[in-house]
Amino acid sequence: MKNDLSFDVVVIGGGHAGCEAAAASARLGVNTALFTHKFETIGEMSCNPAIGGLGKGHLVREIDALDGVMGDVADKSGIQFRLLNRSRGPAVRGPRTQSDRSLYKKFMQDKLVNYCNLRIFSDPVIKFNFKNNDINGFITQSGKEIKSSKIILTTGTFLNGLIHIGEEKTPAGRYNEKPSTGLSEQLKKYNFKIGRLKTGTPPRLDSRTINFKILEEQHADKDPYFFSFLTKKNLNKQISCRMTYTNEKVHKIISKNIKRSAMYSGSIQGVGPRYCPSIEDKVVKFADKLRHQIFLEPEGLSDNTIYPNGISTSLPKDVQEEICSKINGLENVIILRPGYAIEYDYVDPRELFLTLETKKIKNLYLAGQINGTTGYEEAAAQGLIAGINAGLCIKGKEPFILDRSEAYIGVMIDDLVTKGITEPYRMFTSRAEYRLSLRSDNADVRLTQKGIDIGLILKDRKDVYKEKSIQLKKAQKNMEKLTITPSKIAKYGVNIAKDGISRNAIQILSQKSVDMSKIREIWPQIKYVSREIDEQLEINSHYRGYLKKQNADILAFKRDENLIIPENINYDHFSGLSNEVKFKFKQIKPKTMGQALRIDGITPAAVYILLSHLKRKSIKHIA
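Counting from 1, one number per residue, gives the positions in the sequence shown under the working numbering.
Incorrect hints may appear among the rest.
[To be verified] Pairs of lysine-lysine residues, derived as PhoX-like cross-links and limited to a Cα-Cα distance of at most 20 Å, are as follows: (1) K462 with K474; (2) K586 with K188; (3) K111 with K462; (4) K285 with K252; (5) K586 with K359; (6) K362 with K111; (7) K249 with K282; (8) K222 with K127; (9) K459 with K193; (10) K127 with K178; (11) K188 with K459; (12) K237 with K105; (13) K193 with K582; (14) K474 with K518.
If you are wondering where the hints come from, they were derived from the structure by calculation, not from laboratory data.
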């Protein structure tokens, strides 16, 4: 064909997963292309214009530590930075920013268009080309035949997407954007397990018709906690959000019209997110609650659109208007765009290896909502890993896999691939067993060197990381040499056991009431370098005892993770295993003994049989 083009890696979809996948592959020096419906929608924030939050903020910091793009773009477009759970321990704090929607898109597009090794095409994919069980390209809407060694599919909610507003149904991947059709059917031919999920969004409101004066104000933090380890200053004016609440009048209107909601009329078959329910779900399932909180979040500095976070709905537009008119501050509000629910196809993530390559079609990777997740951050993290692994495979290198003890990214992918999903998956800090070690503040310490080792990290970040590492080690070493007796430290208001034993500055810093400013009061020769260095020193010292115990837990975890299960193992030959257990082992194809233990429904007895078999076959350990 005249328009034939060939690439090493092609990413399909310009959402958050697609952006990270394309950027990661390109950073590895691999010839990469990104295909999307429209260039103008690359980096689109189709739901809430915000990045981060509890658990999610950890993911963004980890993406940034591996030189991903989301953290930098979020910082450049941030208009309300807040550190959630600030009063609680560092392990569960969550950085978040309200972003200017148009700025986020602009900075993301600017970043990608200037990336080396990356070309971008506005040309939807309509058909895959297969050779046996291997995918080697696709046909675009314009008729181009594209050849590619690796393909990463990041379709978001576009895969057979269907929007519901009351009784109205509209095929769409986003509001006023056509869905991707036909690709699901091609995957089904290879016996992929495909299901339906749903998510929703609230109506968009005209800020000029809201009475903000009577509503509670939520300010931005005075000291912004950025996502990127490279960000030094805030670029934008910081704004406030306002808060209001539903009430009994609103709840009565919803109850009266509940059968007109697509969620309750039977129109929607897909499963929705339990932790982010629609306002219909809140009223039905929490009938005892007299009100529900609504955050009125501006979508941009020069945009009159307000995102009312908390009233996601699929009720008809007339009912949405009636509901809004009964909410304090919204009595005269104009709805710019009605809220809606959207159904879309997803692939059971147990169809994937930990690299996010599919088990049934070689060279095809899936990332983002197509794997049953929800949220920009979850999508971006998967895109990063898929892009890295596709690029490394092209270069003939070993895959890049983060385990549960190394990163929230590792927790998420292991959860998806090992357990599958029953509802849209969202990251929480509670999902991470080793969260004392997996903090947002130390993401670079945990991950950046790993990225350097595989050639993923660009020079600017490499230089910053190495300088920080030098300064941190220097500070720790100096503080270990400086000592003081219990009697002398008491003069500074620090009380420790009067045992006559001198303690060094690191040990003194571990005391509850001590921070680096107190340390410098005692030892003025300890110079200030940066807030980041101080933060690391303080947290590591305060968590010292807990981290020691957690490190022991991690070592025990690693022992199981280091027991490799051969890829060619035949579970049908195992005696003592039920057919159900054999089916699960064959479906998941666990890479390690640890992963086998985490499969739902697998008993320790079954794993013991597996272990006994492998020992007889001379079990291999990961180096």
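We went through each hint and held it up to the structure:
1. K462 with K474: Holds, at roughly 18 Å.
2. K586 with K188: holds (19 Å)
3. K111 with K462: holds (18 Å)
4. K285 with K252: This hinted pair holds, its Cα atoms lying about 14 Å apart.
5. K586 with K359: holds (11 Å)
6. K362 with K111: violated (30 Å)
7. K249 with K282: Cα-Cα ~14 Å, so holds.
8. K222 with K127: violated (51 Å)
9. K459 with K193: violated (42 Å)
10. K127 with K178: It holds: about 16 Å lies between the C-alpha atoms, which stays within 20 Å.
11. K188 with K459: violated (43 Å)
12. K237 with K105: holds (18 Å)
13. K193 with K582: Satisfied, since the Cα-Cα distance of roughly 18 Å is no more than 20 Å.
14. K474 with K518: holds (19 Å)
Taken one by one, the earlier hints fail for this structure at numbers 6, 8, 9, 11, listed in ascending order.
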